[in-house]
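Peer 1: Protein chains in written order, with our numbering: chain L, 12 to 234; chain V, 12 to 234.
Derived by calculation from the structure, the hints in this document are not laboratory data. Just so it is clear, the structure is predicted and the values come from calculations on it, not from any experiment. Accuracy of the hints is not assured; some may be wrong.
Since copy identity is lost for identical chains, a pair holds within one copy or between any two.
Unchecked claim - List time: in silico EDC-like cross-link candidates among lysine to aspartate or glutamate, alpha-carbon distance up to 16 Å:
(1) K39 <-> E99
(2) K191 <-> E211
(3) K191 <-> E146
(4) K212 <-> E36
(5) K204 <-> D161
(6) K63 <-> E160
(7) K103 <-> D91
(8) K103 <-> E92
2 protein chains.
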Amino acid sequence: MQTEKPILYNYFRSSSSWRVRIALELKKIDYEYKPISLIKDGGEQYSEEYTKINPKQEVPALYIDGQLLLQSLPIIEYLDETRPNEYELLPKDPAKRAKARMIAEIINSGMQPFQNLNVIRRVAKETQSEDKKQEWIKFYLTKGFKAVEDILKDTSGKYCIDNQITIADLCLVPQVYSAKRFNIDMIGFPNVKRVNEELEKVPEFVRAHAHHQIDTPQELKEN
Amino acid sequence: MQTEKPILYNYFRSSSSWRVRIALELKKIDYEYKPISLIKDGGEQYSEEYTKINPKQEVPALYIDGQLLLQSLPIIEYLDETRPNEYELLPKDPAKRAKARMIAEIINSGMQPFQNLNVIRRVAKETQSEDKKQEWIKFYLTKGFKAVEDILKDTSGKYCIDNQITIADLCLVPQVYSAKRFNIDMIGFPNVKRVNEELEKVPEFVRAHAHHQIDTPQELKEN
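Let the hints inform the model, and build the full structure from the sequences given.
Peer 2: This is the structure we're talking about:
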């Protein structure tokens, strides 16, 4: 099936890019990393060249099996369906699959859109206020973490769903990192915190971390 | 498996509720319709009673098989996995499954969050401007439809993916309805328009329509 090396168009700090990097690591897929800076020159995702590749002008985009796939969750489901290995990113039990997808979706559609760089720039511009922007981010991230925490109380073991790494975990780690950047108080979310700390130790999660990519700025790189 | 009748907590005009209603119709599942008005008394989703049922204070929520499921796309995937019938809401081919999920996700995480009632109220309040609110909605919906249209050029037959009704179609119809409410010009999206018109004829889609529910206001009801 796989003749060419897959290409991941992504950005070190983009949380949805990061989710796909973890999936590629867990699935042991060798891929070409093409950095698309969301900052440089007003955003390289708007360049003519990248717009031809991905008209939605967003990262991530994964070129694999002769086609370009967009949207992190569908990409992860595709990798799980076409590259079965010891990491099954969706549990076998339908109720647990649903719970894993619920956590992933609360983060993907209930939190990430509201911290998206373009969205928060727009909020800051329209309100003419950095404080309003910060309030906006805090409101949606806190709301989302409350919902995730509430599910984790019932579902979590070592990871979000029992002791199996799932699509929910791939979303959780980048989201907690973003929350720290935006100074969100995590004290009310002990299960989120605990699971995140466990996941941060997993070698595949370490390799996919925002601070360990070729486009990570020198000052953020960890040894 | 199913001993009690499933309960759908939902609102006639909520686009994510509507997606689940279509899935329930296609899967021929008899369910109890519990209206949660997003308007009445400042929003019934914030009531103490509903918060106990769903702490995320959102619709839809589906009580089924002894558990409460949240988030429309995970609910639809669960129904498809546990209630196989002649309507397979995800195609068999992994690449086509990915395309169906991509369309669903562009709508779910790239469009719907930005027209969500609470979000647009917040935008109107912070900017003190109804025009800014309208601009905001137009920006995100147009961006999303462009991306969907671009995919449909390659994937669509009678419906979003060939001639099979999929999760993508369940998202498309309520989104086009919302776009009309917000006066979005659909002229640049001929494939979206064509597929939507086909889907509107399907009896299960007709029964799930916002204008045909028990909580639809009299003035919107069609005969």
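Peer 1: What are the numbers of the hints that this structure violates, sorted from low to high?
Peer 2: Result: no hint breaks.
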